[in-house]
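A.B. asks: Here is how the chains run, residue by residue.
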Amino acid sequence: MRTLIVLALSALTSSLALAGVKIDHWIAPTGAKVYFIETRVLPILDVQIDFAAGGVFAPAGKSGVAGLTQGLLEAGAGDMDEEKIAGRLVDIGARLSGGADSDRASIRVRTLSNKTEREAALELLRAVASAPTFPQSVLEREKGRSIAAIREAETRPDAIAAKRFAAAIYPGHPYGDSPSVDSVTAITREDLVAFHRQHYGAKGAIVSIIGDVSRAEAEAIAMHLTEALPAGGAALVPPAVKLPQRETIKLPHPAVQSHIHIGLPAIRRSDADYFPLLVGNYTLGGGGFVSRLMKEVREKRGYAYSVYSYFSPRKLEGPFEIGLQTKRDQVGDALKVVDEVLTDYIAKGPTAKELAAAKKNMVDGQALRMDSNAKLLGYLSAIGFYDLPLSYLDDFPARVNAVTAAQVKAAFARHVKAENLVTVVVAAD
Amino acid sequence: MKSLLAACTVLFVAVLPAPTFANPYEMQLANGLRVIVKEDNRAPTAVHMVWYRAGSMDEKDGTSGVAHVLEHLMFKGTKNLKSGEFNKLVAEAGGRDNAFTSRDFTAYFQIVPKAALPEMMKLEADRMTNLKLDAKEFAAEIKVVMEERRLRTDDNPHGLVYEALNSAMFQAHPYRRPIIGWMDDLENMSWQDARDWYRKWYAPNNAYVVVAGDVDHREIFRLAKKYYGPAKAHALPERKPQNEPEQKGIRRVSVKAPAKLPYLAMAWKAPRLEDVNKDRDPYALNVLASVLDGHDASRFSKNLVRGTRVAQSAGAGYDGTLRGEASFIVDGQPAEGKTIVELEAALRAEIKRIQDEGVSTEELTRVKTQSIAAQIYKRDSLMAQAMEIGGTEAAGQSWRDIDTLLEKLKSVTAEEVQAVAKKYFTDDTLTIAVLDPQALEPGQPKKPSGAVRH
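Sequence lines, in order, name chains A and Z.
Taken in order, the first sequence gives residues 263 to 691; the numbers are from my numbering.
Taken in order, the second sequence gives residues 761 to 1214; the numbers are from my numbering.
Okay, chain Z solo, but in the shape it has when bound:
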C-alpha cells in the first residue's frame, strides 16, 4: 500500500503545475474585472465563464429567487441584440451555453471551438452592461421559473426536505432562503425587481472571467481589455454579515410528500474555510466526510448499506469553501423494513465510533489517494478545470490556493479527524429534517382512478 502511494506522489509532483508556475495567468482591468486564463492545448476548444459575486444570499426577504430570475433574463435582449439572439449566436458558432445560480454567485458559460472565443467575450461584455429588461419578457420568463420550481422542489420530496432543512437550521443567515425562491415571492416579483438586481450587482468590479482551453493568455488579456474594458465600475451595495446566532438545541422538522421511502437529513453547524494556510478544522472535516462517504470502500457504504443493511442509501458532505455559513450534512434512506429511527441511530453510531476510536492510517491514505487521483482526472475536462478555478474564487480564495488546498488535505492527521468529530457533532447545533412519506391513493385530489384513454 505504502509503495503505491509513494509512486503516486512522485508521479503527480512531476505532472501537476506547481503553485509557483505561471499557468493559470491572471490580470486585472482598470475597472476591477479580473481575468484568469488556464492554457490547455489538448483540443481546439475553450470554455469562457463570467462569474458574478452575487447569489441568493445577497437577496432580501420578499424578492427571494431574483438572482436566479435575472440569470434567466440575461438570455433576453440587450441594446445591441434581440431577445434569443445570444443563444442563436452561440449555437451558430458550434458552441453550447448555459448559466447557473448558487447561494454565493451567478455564473455564465460558453463552451466553443476556440475560434469563436472573441465573439463570446464580446457577447458577455455586452450583456454585462447593456441588458434590456421589460414587463413582457419578464412575464413569460417568470412562468418558466415557476415551472422550474415545480419540477425541482414542489414535486420533488427530497427537494422539499432540503428546503425545510435550510430554513430550519438558519434563522438569521440568508442561506435559509431557497435559491429558486419561495413560490409566493416569484408570484409577486416584478420586472423592476430584476432590473434593480442587475443594476446593483452586475458590474466589472463584482465579476471575474475564467477562460480555459487552447488559448494564448496574452491574446485573451488583449481581448478582455477590448471588450470588457469599457464597462464602468460602480459602487456595490453594502454586504452585511448576517451571521447566524449560536444554535442552542436540536431542531427537528418534517415534510409530508408522496413517496414510499422515508428520507432523513441531519445538518450540524461547521466552520467555513477562512484562512487557507492557518485553518485546520475545515481540512479535517473534509477528510472526515470522505472517510464516511468519499468512495466505494468508505464507512457508510461498507457498514450501513452493505454491512448491517440498515440503509438503502447513505451520504455525508461538507463544503467549507463558501461565502456564508458552513454545515456538515449526513443523509440517507432506510432500507425496506427499517425505520427512520433505526437509520438515525446507525448514522449517529458511525460518528460516535470516530469520536471514540478515531480513523485508521489506511483510511487516511485512501482519502489522500482519492484526492490526488481526482486532481489528475480533472485535467481530462476543460469545464472541470474552469469550474475549479471559478468555484475557489467565488468562495473568496484564490486559484493560487488550489494546490495548497490539496497539500493541506494531505497533511490532516488521524488525531485531527477525531478531534473535529468530537468538536462539531453535538446535538445543540444539529438540525434534522425528515420526509414523512404519504401513500399516493388518499392524496389523489382529482378524478381518474385508472388509466383513461382516448
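Bound-form chain A, shown alone:
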C-alpha cells in the first residue's frame, strides 16, 4: 500500500514548474480580492489574508497600534480565550502567523489539507480575523512586553541605527515612526477595536490560497473567511513623502563595531522604474558575493562581514538603503569606499558584462524563488496587495531582460540623488 502510493506520487509531473503556474483570481461576493493556486502534490493548505492595516495608518502619537492589533488577534476571538485558541491550533498541527509592516497587516495559516484539520484551522483563522476580543488584561501584558522590548532595543547599536535611520529619511512622515515607550503607553483597547474596525474590512482585503483544494473549495473558503469581517472604513491615503536633506548623523554607543546606514526614500511599488532599479541594484549591492559593494568593502579590504544595498518598494516611496558594520576606528575608510562605489555606479551604471550577469542570475534563478507553496503564497499576496498583473511571474523574465544600462543609470539618477542621502553611524568616534 505504502509503496503504491509513493510510486504514484513520484510519477506526478512538476506541478510547481516555472512557466505555467496558474493563478486564479476573482472577487468574492464580500468584495475581497482572491488569488488562488491549486497544487495537490502535498497534503497541505496555506491561506493568507492581507489588509491595508500597516503602521502608516497609526493615529498621531499611537505608533505601535498596527502591530499590537495584529499581534492581539490571537489573544481572544469569539468565545475563545488565548489559551483555547493556542490549544486548538496545536491539537490540529496548524500554524498561525503573520505580522504588520509599514503598509499592510497579514495573518496566515498553514494546515494539513485533510478535511477535519483544514476546517478547524480555517474556522480559527476566520474567528481571529473577524471577531478578535482584545481583552484588556492581555493588552496590558503585551504593552508591557512591547515596552520592555523597546527599552532593550534602545541599548542595541543595530536597533538604534535602524530606528534613527527611518526617522531621518522620513522626517514628519509616519513611515519614519517607530513605536516608543510613550506611544505604546498611550494605546488603549478602544484604539485596537477602532483600528480593527477601520482597517480589517472585507472590501480591500486580499485572500491568497495555495494548496490541496479545488477552485470550488477555494471560493467557499474565501467567502467564509471574509463574510464576517468588519464593514471597514473608507480607504485612507497617507500623506506624501518628502525627501530629506543630505546629512550625516552620528550617535554614541560603546560597541566595538559601528553600524552604518546610508539611504533615502526611493521608490513606490507601482513605479515604472521598478525593474531598472531591481536589476541595477543586483550589481551594486543586491547580488551577494558578486556585488560591487561586497567586492570592494569585504573581499578586497576586509572592512565588513555584511555589506549590502536594497530597494524596498512600498505603496509610497519605500527606502533605498546601504548597510554595513565595521570596526569603529575604520568607519571613515569604509565610508569612503562605499561613497566611491555608489558615486561611480550612479554616474556610470553597470557595465555590459555586469548587466548581463545580473539578468542571467535573476532570470535563471526565478525557479528558486517559486519552488515551494510558501514562496508562491508570498507572490500571491504581493500581486494582490500591490495590484500587480496576474501574469507577473510569467512576465518576469521578459521584464528583466528588457532593462538596459541606460535605464539603470537614468533610474538611479532619478531615485538616488546625492543631495538627499542620509548617513547614520551608531558607535561613532
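What the hints contain is simulated information worked out from the structure, not anything from laboratory work.
Take the hints with a grain of salt, since some may be wrong.
What the hints assert, rightly or not - If you want the footprint, here are the derived chain A segments under chain Z, 3+ residues with CB under 8 Å: (1) 295 to 309; (2) 345 to 357; (3) 410 to 416; (4) 555 to 567; (5) 581 to 592; (6) 634 to 640.
Claimed, not checked - Below, computed lysine-lysine pairings styled on DSS-like, alpha-carbon distance capped at 25 Å: (7) A:K622 <-> Z:K842; (8) Z:K842 <-> A:K621; (9) A:K284 <-> Z:K1138; (10) A:K284 <-> Z:K874; (11) Z:K848 <-> A:K615; (12) Z:K992 <-> Z:K839; (13) A:K621 <-> Z:K874; (14) A:K512 <-> Z:K1020; (15) A:K562 <-> Z:K892; (16) A:K622 <-> Z:K874; (17) A:K562 <-> Z:K896; (18) Z:K882 <-> A:K615.
What you are looking at is a predicted structure, and each value in this text was computed from that prediction instead of being measured.
Ideal Cβ positions, reconstructed from N, Cα and C, are used throughout, including at glycine.
With chain A held as given, fit chain Z onto it using these hints.
C.D. replies: Just chain Z, lined up with the frame of chain A:
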C-alpha cells in the same frame, strides 16, 4: 482530540515514504565519499551540499575558529579558478550559495536550477582537493571573520552569555571553545594554520554529498563518480574522545554588557543519542523540551509569559543528535519589574512540577501531533529536506533512521518524561550564566554626548 490524531496518523502513513522505500538513495565511491540523493520533482530546482565531518570540536587550543576561517577561504581560488570565481559561476547559473560551520561539521551548499547541478558538483569537487591558500587572501579574510565575531558575539550580549555558558560547563570537552574562535586566536592565526586544517580534514573519506531536488539519482551517481571520483582518500587525524569529567557541583558565571533586560541561561548535562533503537532517554528529553517550549500552548509560554507574567520570554531546548556532549538548556528574560532570581525560581518550579506530577496525556498527544505535522510541512522545502539528511548524518546516525527517530518520539510515555525530569535535572550538573545589564551612559568611552551632525 483522539479522532483528530487518528486521522493524522492514517494520512501520514499514506504519504510519508516508509523507511524501507528506496528514496533517498545512497552510494559510496571507492575513495570513501558517500552520496545521498533525495528525489523531489515538484519544481525544476535542486540543492547540492557537501558536508565535511570536521567542525570546531576538532580544533586545538590556540587555533580556535580555524574550521570557520577555512570555510571562508573555500570561496577563494583553486588551482583551476581565480578568487571570487566560485561565487560568480554559481550566480551566473541563477543559483545561491553559502556555507556554515558548526561544532560538529562544516557544510557548503548551492541552490540552483537543476540544469546547473553538474557544474556545481564540478566546482565542489574542485575545491575539495585543489584549494589555493596564500598569505594575501588570508590577510583580508581574517579581518572579515573578526568583523563577524564583533557582530555575532562581542557586541551581542546574549552571544557573550552563550559563549560564557559553554566555556564554564565544559572544561575538557572541546565544546567549551566558541565556533567563531577566541579573538586572540583569530589575531594570531596564520594562513598556514588554515592550510594545515584543509590538508588534515578535507578528504572524500571525511565527507558526504547530499542532493535533493528534481533529479534522477542514477544520473547524480554517475556525475558523482565523474567529478568526485578522482579525489584521493587519505588518513584522517586521530580523534580523541575528550570526554568531559563528571561535573560535581553547580557553576555560575556572569557577563556584564550594555543591555536593559537581564538574561539567564541554565544548562544541565544530558545524554546524547547513541543507539537509535535502544536508547530511550534522549527521546524523552526531546518530548520534555517540547512540553516546556515546543509550541504556542506549551508550559513556558502559557504559565510564565502569559500566566504569572514573570517572563518576558522563556525557552527550552535539547539536541541529542550531535557528535559531542549534549545538554538541556533553559533560558529566558525576566519581565519588567521581575528579577533574575524570580525568573530562575519560576523556571525551576516548572521542572519540579514535572518531576513531581509528570505530564498529561493531552500534552504528549500535542507533542506528537506537532512533530508529525512538521514532517509533512518540511516537504515544502528542498533545503529543509537536505538539511535533515545532512544533519542526521553529521551526528553519526543515518538518513535511514529519520523515520525511526519520529516513531521513537511518538512512543515516549508520560512516565518516561517524568523519569528523565527527575534523573537529569540536579544542581550538581547545572551551569548557570547570566547577563548583568549595564546602563549605556556610564559605559560611554568616547566623546559625543548627543547627536552630532555635519
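A.B. asks: Each hint needs a verdict: does it hold in this structure or not?
C.D. replies: Hint check results:
Counting residues of the stretch 295 to 309 of chain A whose CB lies closer than 8 Å to any CB of chain Z gives 4, so the stated coverage by that chain holds, three being the minimum. Under a criterion of three residues with beta carbons nearer than 8 Å to beta carbons of chain Z, the stated coverage of the stretch 345 to 357 of chain A is upheld, 10 such residues being counted. Counting residues of the stretch 410 to 416 of chain A whose beta-carbon sits less than 8 Å from any beta-carbon of chain Z gives 5, enough to reach three: the coverage restraint holds. With a threshold of 8 Å between beta carbons, the proposed coverage of the stretch 555 to 567 of chain A by chain Z holds, since 9 of its residues qualify and at least three are required.
Using a Cβ-Cβ cut-off of 8 Å, 3 residues of the stretch 581 to 592 of chain A lie near chain Z, which meets the minimum of three, so the contact claim holds. A count of 3 residues in the stretch 634 to 640 of chain A with a Cβ less than 8 Å from any Cβ of chain Z is obtained; the coverage claim is therefore met, three being the minimum. This hinted pair checks out: A:K622 and Z:K842 have alpha carbons roughly 21 Å apart, not beyond 25 Å. Our distance criterion of 25 Å between C-alpha atoms is met by Z:K842 and A:K621, whose separation comes to about 23 Å.
Our distance criterion of 25 Å between C-alpha atoms is met by A:K284 and Z:K1138, whose separation comes to about 24 Å. For a cut-off of 25 Å, the pair hint linking A:K284 to Z:K874 stands: about 22 Å separates their Cα positions. Taking the CA atoms of Z:K848 and A:K615, the gap is about 12 Å. The hint holds against a cut of 25 Å. Proximity of Z:K992 to Z:K839 is assessed by CA-CA distance (about 16 Å); at most 25 Å being required, the pair is judged to hold.
As the CA atoms of A:K621 and Z:K874 are separated by approximately 18 Å, the hinted pair is consistent with the 25 Å bound. About 22 Å separates the Cα atoms of A:K512 and Z:K1020, which keeps this hinted pair within 25 Å; it holds. For a cut-off of 25 Å, the pair hint linking A:K562 to Z:K892 stands: about 17 Å separates their Cα positions. Restraint check for A:K622 and Z:K874: satisfied, since their Cα atoms lie roughly 15 Å apart, inside the 25 Å limit.
About 10 Å separates the Cα atoms of A:K562 and Z:K896, which keeps this hinted pair within 25 Å; it holds. Proximity of Z:K882 to A:K615 is assessed by CA-CA distance (about 24 Å); at most 25 Å being required, the pair is judged to hold.
Checked against the numbered hints above, the structure violates none of them.
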